[in-house]
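S.K.: Chains as they are written, first to last, in my numbering: chain C, 1 to 119; chain D, 1 to 119; chain S, 1 to 118; chain G, 1 to 118; chain R, 1 to 96; chain F, 1 to 96.
By construction, these hints were calculated from the structure, which means they are not laboratory data. Please read these numbers as outputs of a predicted model, since none were measured by experiment. C-beta: ideal position from N, C-alpha, C; glycine also. Hints should not be assumed to be uniformly reliable.
To be verified - So the derived list for chain G, only partly shown, Cβ under 7 Å to chain F, looks like this: (1) Y13; (2) G14; (3) D42; (4) D52; (5) N53; (6) G55; (7) T56; (8) E85; (9) G87.
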Amino acid sequence: MKFGILITEGPYQHEASDSAYHFAKAALAKGHEILRVFFYQDGVLNSTRLMEPQSDDRHIQKQWSALATENNIDFIVCVAAAKRRGITDEVIAEGFKIGGLGMLTELAIEADRVVEFRA
Amino acid sequence: MKFGILITEGPYQHEASDSAYHFAKAALAKGHEILRVFFYQDGVLNSTRLMEPQSDDRHIQKQWSALATENNIDFIVCVAAAKRRGITDEVIAEGFKIGGLGMLTELAIEADRVVEFRA
Amino acid sequence: MAKLMIVFRTAPYGSIYAFEGLENVLIMGAYDQDISVLFIDDGVLTIKKGMDNSGTGIKDFSPTFRALEAYDIEKIFIDRQSMEERGLTMEDFVIEPEVIESGQVEKMMEEQKNFFMF
Amino acid sequence: MAKLMIVFRTAPYGSIYAFEGLENVLIMGAYDQDISVLFIDDGVLTIKKGMDNSGTGIKDFSPTFRALEAYDIEKIFIDRQSMEERGLTMEDFVIEPEVIESGQVEKMMEEQKNFFMF
Amino acid sequence: MLHLINESPFESNSLEDCLRYASKGSPILLYEDGIYAAMAGTRIADRMAGVAQDHKLYVLREDLAMRGVDKLIAGVNEIDYDGFVELVEENKTASW
Amino acid sequence: MLHLINESPFESNSLEDCLRYASKGSPILLYEDGIYAAMAGTRIADRMAGVAQDHKLYVLREDLAMRGVDKLIAGVNEIDYDGFVELVEENKTASW
Numbered sequence: 001m002k003f004g005i006l007i008t009e010g011p012y013q014h015e016a017s018d019s020a021y022h023f024a025k026a027a028l029a030k031g032h033e034i035l036r037v038f039f040y041q042d043g044v045l046n047s048t049r050l051m052e053p054q055s056d057d058r059h060i061q062k063q064w065s066a067l068a069t070e071n072n073i074d075f076i077v078c079v080a081a082a083k084r085r086g087i088t089d090e091v092i093a094e095g096f097k098i099g100g101l102g103m104l105t106e107l108a109i110e111a112d113r114v115v116e117f118r119a
Numbered sequence: 001m002k003f004g005i006l007i008t009e010g011p012y013q014h015e016a017s018d019s020a021y022h023f024a025k026a027a028l029a030k031g032h033e034i035l036r037v038f039f040y041q042d043g044v045l046n047s048t049r050l051m052e053p054q055s056d057d058r059h060i061q062k063q064w065s066a067l068a069t070e071n072n073i074d075f076i077v078c079v080a081a082a083k084r085r086g087i088t089d090e091v092i093a094e095g096f097k098i099g100g101l102g103m104l105t106e107l108a109i110e111a112d113r114v115v116e117f118r119a
Numbered sequence: 001m002a003k004l005m006i007v008f009r010t011a012p013y014g015s016i017y018a019f020e021g022l023e024n025v026l027i028m029g030a031y032d033q034d035i036s037v038l039f040i041d042d043g044v045l046t047i048k049k050g051m052d053n054s055g056t057g058i059k060d061f062s063p064t065f066r067a068l069e070a071y072d073i074e075k076i077f078i079d080r081q082s083m084e085e086r087g088l089t090m091e092d093f094v095i096e097p098e099v100i101e102s103g104q105v106e107k108m109m110e111e112q113k114n115f116f117m118f
Numbered sequence: 001m002a003k004l005m006i007v008f009r010t011a012p013y014g015s016i017y018a019f020e021g022l023e024n025v026l027i028m029g030a031y032d033q034d035i036s037v038l039f040i041d042d043g044v045l046t047i048k049k050g051m052d053n054s055g056t057g058i059k060d061f062s063p064t065f066r067a068l069e070a071y072d073i074e075k076i077f078i079d080r081q082s083m084e085e086r087g088l089t090m091e092d093f094v095i096e097p098e099v100i101e102s103g104q105v106e107k108m109m110e111e112q113k114n115f116f117m118f
Numbered sequence: 001m002l003h004l005i006n007e008s009p010f011e012s013n014s015l016e017d018c019l020r021y022a023s024k025g026s027p028i029l030l031y032e033d034g035i036y037a038a039m040a041g042t043r044i045a046d047r048m049a050g051v052a053q054d055h056k057l058y059v060l061r062e063d064l065a066m067r068g069v070d071k072l073i074a075g076v077n078e079i080d081y082d083g084f085v086e087l088v089e090e091n092k093t094a095s096w
Numbered sequence: 001m002l003h004l005i006n007e008s009p010f011e012s013n014s015l016e017d018c019l020r021y022a023s024k025g026s027p028i029l030l031y032e033d034g035i036y037a038a039m040a041g042t043r044i045a046d047r048m049a050g051v052a053q054d055h056k057l058y059v060l061r062e063d064l065a066m067r068g069v070d071k072l073i074a075g076v077n078e079i080d081y082d083g084f085v086e087l088v089e090e091n092k093t094a095s096w
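Throw the hints in and build the complete structure from the sequences for me.
M.R.: The structure is reproduced here in structure tokens:
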């Protein structure tokens, strides 16, 4: 099936980003296509390459970047939400692209299922 | 009195940063001293100079920076929380300093009151 | 045309969910799809009349809700019980959604191609 | 020495509050103050035995709770009703806090120079 | 002790948790989404009228106004940020 | 329709809100802090036993294990992320 994933919470503060990541991996492993992961509201904070967690902790941005590049998935960071929170081209990591909110509507039109991960 | 303020939520996502700002202004207007504002957990996101909200919206980082510099208040951004979320010297705005969690303990020891603004 | 729905279920201003829900309604309207809007739980509080944001500096989105019809968004529903539990009647709102019963909510979601909850 | 307290009142892992509460206990311990720790509401879930984080990659903080005594943090309390409502008894926990009644909670907070809730 | 409540009582139990610990007479300030607990005519209005008798119940005017809430249960005191600061001068605060 | 619940039932009303709309038989997946609703012996355990009769009640094993929760009410089905994906294949999802 064609899946979409929507994330509206930031990494570390809340488990939503972790859950979304594990869900995405499981969906790919079962042969599903992920049309797009849309990072929205505080979810845009998943995309900063400046993130530097403690060395014994998971690195959420790097996990995402690897998932995006290895599987060629479209990762869109909502531009308005990103600007509000200081996420710009200057800090965005590999595998993420900044895009408009319309790309979430397009995902809703094209995907068989969209799963939201939120607070 | 000697006040301390603790903020654990990010700007725009939640009203906590706004409430803390209005509270701080009112406390100063009443002649209180604010020993320190401690930005913790997602609260560290208040400090990025890359923040760029829509032109008709409040600019939360600039409000804070003006408050800190005009009143010479100590604004500390928790280093571990900041690193986890991509807040580094590279992006930190005027008036904010990165510091250790011990500075929150010191605030608890020295302040007459510490008020938490959280989700 | 895909059937799409935005569900408002959180209170306004305390968190950004309601604001972003409204942004989505406007964007979806521009895509010429079959859009519905549904207010349930604390979401009914987002269309309360009489908002005055002068004390906080946070943007008031009431005027945008009032303009939804101008964007050809006409399928707007509200859950009766959510209104009643909060002591609100149709006179309290800046728009006039169609009142539905809680038993219709899941069915209405089920009919959509996709929907988002804010 | 100032009396300081950390109150745990949220569930672990779903949000970072419990983790940061624990970080604060450790830091405060290093400042040689009179530290208390209190578990109420969902905070009692943070010291549940048997945590296995291998499926999520999120750091398990049980070992750190177990080490609190080594940091000379000995005033550790838990609200009886919060435990009981969650079906938990002292056998379920990695540490052995002293059980208090809900009526003592506010008084205990009041006695502190300052306290933080996580 | 001043108890600060900033979540909607229809979605969060933080007010009920707080009430379990707060002693009679302790002030409670409702702000942000917490102000909905003071709204008249809700399914919790009777409960809250009782709370307003046992506690000094305050509500932050700026947050009320922003949400368009004007009809309140009896016994609630509207204050502004100045009043918020005064409450903090007089009390240690707990943020639920 | 699959209903996703990720908040503690002791702190949030999202499960109760969801139950008001979910029709009999609709699957409900408890994950993140939502898993505490499936814990045995709590003050809501009787209520949840009823929910488990009216709905297919699932709980995410990874989140259970991380929280050290092993005793569950009767009638709950443990699944892993594979099972989560299968539920989404079969149902549209609502995230409360």
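S.K.: Hint G14(G) vs chain F: min CB-CB distance below 7 Å?
M.R.: holds (3 Å)
S.K.: Verify the interface restraint on D52(G): the C-beta must sit less than 7 Å from at least one C-beta of chain F.
M.R.: This hint holds: D52(G) lies near chain F, its Cβ roughly 4 Å from the closest one there, short of 7 Å.
S.K.: Does the interface hint hold: is Y13(G) within less than 7 Å of chain F, judged Cβ to Cβ?
M.R.: holds (6 Å)
S.K.: Taking the closest Cβ pair, is G55(G) under 7 Å from chain F?
M.R.: With Cβ-Cβ at 3 Å, under 7 Å, it holds.
S.K.: Is the hint on N53(G) kept, meaning its closest Cβ partner in chain F is under 7 Å away?
M.R.: holds (5 Å)
S.K.: Using 7 Å as the Cβ threshold, decide whether D42(G) counts as touching chain F.
M.R.: holds (5 Å)
S.K.: If you take the shortest Cβ to Cβ gap from T56(G) to chain F, is it below 7 Å?
M.R.: holds (5 Å)
S.K.: Using 7 Å as the Cβ threshold, decide whether G87(G) counts as touching chain F.
M.R.: Result: holds, 3 Å to nearest chain F Cβ.
S.K.: The hint names E85(G) as touching chain F; please verify it with the least Cβ-Cβ distance against 7 Å.
M.R.: Holds: closest Cβ of chain F sits about 4 Å from E85(G), inside 7 Å.
Consistency with the previously given hints is maintained throughout, with no hint failing.
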